[in-house]
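Start from the sequences, fold in the hints, and give me the full structure.
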Amino acid sequence: MILNCVAYEHGHKLADIGTGDIAHWLARPDAFVWVALLDPSAEELAQMQREFGLHELAVEDALKGHQRPKIEEYGDMVFVVMHLVEPHDDELLVGEVAVFVGKNFVLSARRRSERGFLGVRERCEREPLLLERGAGFVLYALMDAVVDRYFPIIELFEAELEGIEEKIFLPGSARGNIERLYDLKHSTSVLRHAAAPLLEMLGKLHGGRVPAAFVSTQEYFRDVHDHLARINGSIDTIRDTIGTAIQVNLSMVAIEESETTKRLAAWAAIFAVSTAMAGIWGMNFEVMPELKWRYGYPAALGAIVFAALLLYRRFRKVGWL
Amino acid sequence: MILNCVAYEHGHKLADIGTGDIAHWLARPDAFVWVALLDPSAEELAQMQREFGLHELAVEDALKGHQRPKIEEYGDMVFVVMHLVEPHDDELLVGEVAVFVGKNFVLSARRRSERGFLGVRERCEREPLLLERGAGFVLYALMDAVVDRYFPIIELFEAELEGIEEKIFLPGSARGNIERLYDLKHSTSVLRHAAAPLLEMLGKLHGGRVPAAFVSTQEYFRDVHDHLARINGSIDTIRDTIGTAIQVNLSMVAIEESETTKRLAAWAAIFAVSTAMAGIWGMNFEVMPELKWRYGYPAALGAIVFAALLLYRRFRKVGWL
Amino acid sequence: MILNCVAYEHGHKLADIGTGDIAHWLARPDAFVWVALLDPSAEELAQMQREFGLHELAVEDALKGHQRPKIEEYGDMVFVVMHLVEPHDDELLVGEVAVFVGKNFVLSARRRSERGFLGVRERCEREPLLLERGAGFVLYALMDAVVDRYFPIIELFEAELEGIEEKIFLPGSARGNIERLYDLKHSTSVLRHAAAPLLEMLGKLHGGRVPAAFVSTQEYFRDVHDHLARINGSIDTIRDTIGTAIQVNLSMVAIEESETTKRLAAWAAIFAVSTAMAGIWGMNFEVMPELKWRYGYPAALGAIVFAALLLYRRFRKVGWL
Amino acid sequence: MILNCVAYEHGHKLADIGTGDIAHWLARPDAFVWVALLDPSAEELAQMQREFGLHELAVEDALKGHQRPKIEEYGDMVFVVMHLVEPHDDELLVGEVAVFVGKNFVLSARRRSERGFLGVRERCEREPLLLERGAGFVLYALMDAVVDRYFPIIELFEAELEGIEEKIFLPGSARGNIERLYDLKHSTSVLRHAAAPLLEMLGKLHGGRVPAAFVSTQEYFRDVHDHLARINGSIDTIRDTIGTAIQVNLSMVAIEESETTKRLAAWAAIFAVSTAMAGIWGMNFEVMPELKWRYGYPAALGAIVFAALLLYRRFRKVGWL
Amino acid sequence: MILNCVAYEHGHKLADIGTGDIAHWLARPDAFVWVALLDPSAEELAQMQREFGLHELAVEDALKGHQRPKIEEYGDMVFVVMHLVEPHDDELLVGEVAVFVGKNFVLSARRRSERGFLGVRERCEREPLLLERGAGFVLYALMDAVVDRYFPIIELFEAELEGIEEKIFLPGSARGNIERLYDLKHSTSVLRHAAAPLLEMLGKLHGGRVPAAFVSTQEYFRDVHDHLARINGSIDTIRDTIGTAIQVNLSMVAIEESETTKRLAAWAAIFAVSTAMAGIWGMNFEVMPELKWRYGYPAALGAIVFAALLLYRRFRKVGWL
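Protein sequence lines, in the order shown, are assigned to chains X, D, H, R and Y. In case it helps, the numbering used here puts the first sequence at residues 1 to 321. In case it helps, the numbering used here puts the second sequence at residues 1 to 321. In case it helps, the numbering used here puts the third sequence at residues 1 to 321. In case it helps, the numbering used here puts the fourth sequence at residues 1 to 321. In case it helps, the numbering used here puts the fifth sequence at residues 1 to 321.
Just so you know, not all the hints are guaranteed correct.
Remember, identical chains collapse to one label, so a pair may be satisfied in a single copy or spanning two.
[Unchecked claim] Listed next, the in silico BS3-like pairs over lysine-lysine satisfying Cα-Cα at most 25 Å (straight line): (1) 167 to 317; (2) 204 to 103; (3) 13 to 204.
Keep in mind that the hints were calculated from the coordinates and are not lab data.
In structure tokens:
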């Protein structure tokens, strides 16, 4: 589906145009065309390929989807794939946007994503001075929007991690913690797959040797690079903390287990002593003088209770109870 | 065994030729020859060495097999070894294909593999415009086919991992999980040995300085590079997840153990109290008034049951039972 | 808030100036202006942007705060973000200082930090020979001050780690140790985020190719680089030691648990033997000759005590008690 | 001890020569001299130093032994140290061979090794076309022989690892497994110390910038490089697998422990119930009607057995027994 | 304190000179001056700074001490900091030596160290041919001496590790092992901090681009580099082995624990059966025919013993006892 197809000149919108008129507008020296597709069909992409002269491998990637994020040069053209990560009921949905950027056109094709880039277009149109820089600036604006949407997800992760950390030293919560830690690790993998390859490849658009269309926007892409580096750093820290938390959780289980064993041992000892003493006075020897005593029974009970209390205090002191 | 020996010109098949005629066809300026061998004998390889002027070290590698995947230049010629990974009854079979690529010939030698590349040849012959690019494109087509066959194996791994993950927090499944995780790790090693060295060496065929025969197909090899990077990324994620899962599994065993110990402790305590009380009333003191009471026995039973229930409720509340 | 706004020439302070006069002083060939802001508002930054011709992206970073430490070049200007890490009641507060350095000006904007850089300015003014080197030297002085404040935090960490290590082999302290180790790991992350990106980027100000304003201060920045490398090395060692300590702590829990189990087993055995013996002499067989013996009872007690002692000594010997 | 001292020309052996004649033969433009020493004394090395003009640091290394494998250039000369790893009764013996290679000589000094390189010399002499390439080819032949001897050791490791893996999920074998895994890790370290530094340094003899004497043998050294890369890959995989196996082994111990605890808990419960019931009917209350019943005793036994069976079935069902 | 102050020419000692005469001797074209300081005061260093024209940052580093090992160039001068690691009663003392090397002088300042470099000076003076190479060679001699003193420390570590390994599979030694492993890890960190940064920076004195004063001694510094690489390799292996040993130790604790639990379970079962049987015959039913039997008691004892033996043999067989 074609969402928008607009021609711009000197940073200003000229007109919404039909796809058939693209060639006409591309011919104007200072104009550029910005087309946005949503879940494009093979036919639509084939048409765009003809209009803009796109490379077949890039078109195939945009059509098949499920690509790794990447920035590739095909001659004058730059082809960018980014992951769109959207939280949705405790899960992260991963969509994709493929962007073809030429000297005088930008074509974006979005897939499996609910949230569009209309706001990006509007913001660009409000700043003609920047938009005047052309297709490179549009790519920056799109990329900046995609990357900015990663930050709230990092915050989700950090909130979840803090939630787990609050309970990590709480007895009896080990099972829940470990499940949540495992799920969180999974989620961080999703975002890392979105951010890390992009970071790695972004050097192509700033720094050393960049394509002509991006020379004047280098500092903007460095800014995106910087954001991605921050996101990657946060993910690494979260993942490292998860690793430590899993270890700590295991330690806490072992410590709890150890305390249970001690308590068990202590009570077992107390009752074992009581039972052994009762057993002794339950023996059937004929000559057991204390059995004949008037206060033998209360004395025996007293002895048993005394022994139990003695042990109890002892165990208390060493911290087993 | 020689599977095919075909001469091509301008992207079109000229003829199936005999191995004796190879020299004749190689002499034609625009023709190239594509030979496919299966489990070649030393003699067959020696003959090919003479026809195409192959380097002895490359021939030796193709003959001995069990090589690491690699891409090597011998003067004008490029020598490529790839692993063929085929799932077979819960196991992965690893075959090999060695490809010699010269200016005007391609020679592939397949070993220990059930699935051939006939489909690749047919697809190439249906696209003369691409095949016209010559030997470099044929190498791409073969490489692309090999790498594409790695994807279903990644999916197998992911399915297996998901199967394990569904049971990882299930009490009593730890033993099975750990065995499956260990086996899965083994399997990922096999695929990693196939994909990682290839990825590392593929930079020789695109990007900076590439051999003359591959200049026009650079973008295709970058595409293969991209696929391999995706495969490597997936393997790394799977292996990382396996590591975490093994740790989590150990935690679950410890948690279960801890719960068993608590339950054991609780029941032991309940019966220890009962036994101790019964033991006390089983003592043989002469003066134990309650033994003479009419309802002493039911009262004693009641006391024992009451004590047991009290403990039971207590343990329930703290979650030990 | 504007803290200071001073013009310097040939290493000497000329005057406290108003922000309106900045342009006037910048016009003097050998003068430079050093402005210090605290928690600057958007308006103040906008004014500075106009006065000094700052890049919008850099200004935006300084305004939003929460940046990753970085050193970026915008044309002639260098933009630096550093984290200020200040210990505060068992916690580390992280502030930020953004520094814009041009050929003839330095503008620093500090946020969320209690401790200022007045001392740095005073020390610079006392050494005109160094201050004469201009804006580059001022940046060095600020950076040196920031980095020097990291060292006491490293010492805090090392003291805390030593405190934990003293108790790590002490029975019964596992729970406290693991909590402290986990918290310490968190704290080291904070400092690492401050120091590591700076170290990585400092190469831009010394070594190979440095901006013109920093050529004469290269050796000073290398010195800062060296300090940061030392800090990073210390953090890495602390983190590595924390990892080992967590493992060792788990081992200690397991060892303690093992010892408790042995002790439990030993006492359980001693009382089980006593109870079993008492139970036997409590059986109601008619013909049990020893029950009739005059000293049967003391003999039985003796036998029980003897058996218990025997076991006790045995367990002592093997180290279970 | 001098094993051999032979002069070659155009790939053919000229004569066994005395050490005194070396200078004479070195003077012939196309000849080269190949000397092999075993456990050389300081005097022998000093003599060789004079004959061939060896660098004192290299001679010192060859004399002292216990070097790290390395490839060093001293002006025109290349100095190579390789480890010889020989299996010997469950242990790996590590010998050393130092090789000095000049434009027209090869001097090898072997230490602490049982197996010589006579076979290498014979094979070289049988292939004059290759030997004609001179000292560089001889170095390749020696290096290839050394590296080829690492492969059977890898196979030993893999066999040992498979042997352990067969028992890793077998109850009761944890102690033996962990000892064998620890020993195997040690052994892999030995081979890694032999192979890894060599791999790292081999780039000096092929690829970019190589010494004059090695230009024509580049492809041979790349082949050795490839073998070493394969060996290193195998070692890494084995070490990684050992790491996982140690973790898995620990998990298996924990799982077994958990099962033992459950079984213990189950039997303890069954007997605790029996004992408690018997204790109740052993109480001495006067009014306990069931004690008077004719079939009270068998009924009581029946009740006890019934309760025990009930529990037994219950535990069976939940898998504790 | 000034230990020595000597002028050399053409590799020969000219005279012990006073610090006031340094400038005089530096003026002679072929002479160089070698000064050794021990725990120098601020005044002494200030004097040296004036004599030799040292850079203030380097002097500050030498004065403050507690630097990271490093090799820095200040114009013509090279400034080197090395750690001196000396074993002292189970601990490692870390001293420091700072060396300033100029075209015609060497100044070494040693701190917190007991063992001097007098031997190095003497050895240098005995070899005029080498000493003739000037200041660069003196630096090599000092560095070589420092690094050579690391080797016995590695041997200490290896001996300690072997001592632990001998006991690692010994039941009951887990606590001691883990303490010793933890301490050993600490010690290796100390040496690593001494060796690793030096190794990393030594590339500045050999290989690519080296300062003029070090061109003729490149091969010597490469030799030091090689020694440091060996030391680093050994440390890495030791640390890796410690990691594995800690894991193995934990496994051994778990295995021992598991065996204790089994043994405990077995004995508990044996006594529980005895007690239950005795309890049954201790019940007070009126009709219990076997109680009336003449040999009922011995028969009961026999039954109990028989049951116990049966269990004992059973447990023996499955390896629990």
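Quick rundown of the hints versus the structure:
no., hint, in the structure
1, 167 to 317, "between (28 Å within a copy, 20 Å between copies)"
2, 204 to 103, "within (16 Å within a copy, 29 Å between copies)"
3, 13 to 204, "neither (29 Å within a copy, 41 Å between copies)"
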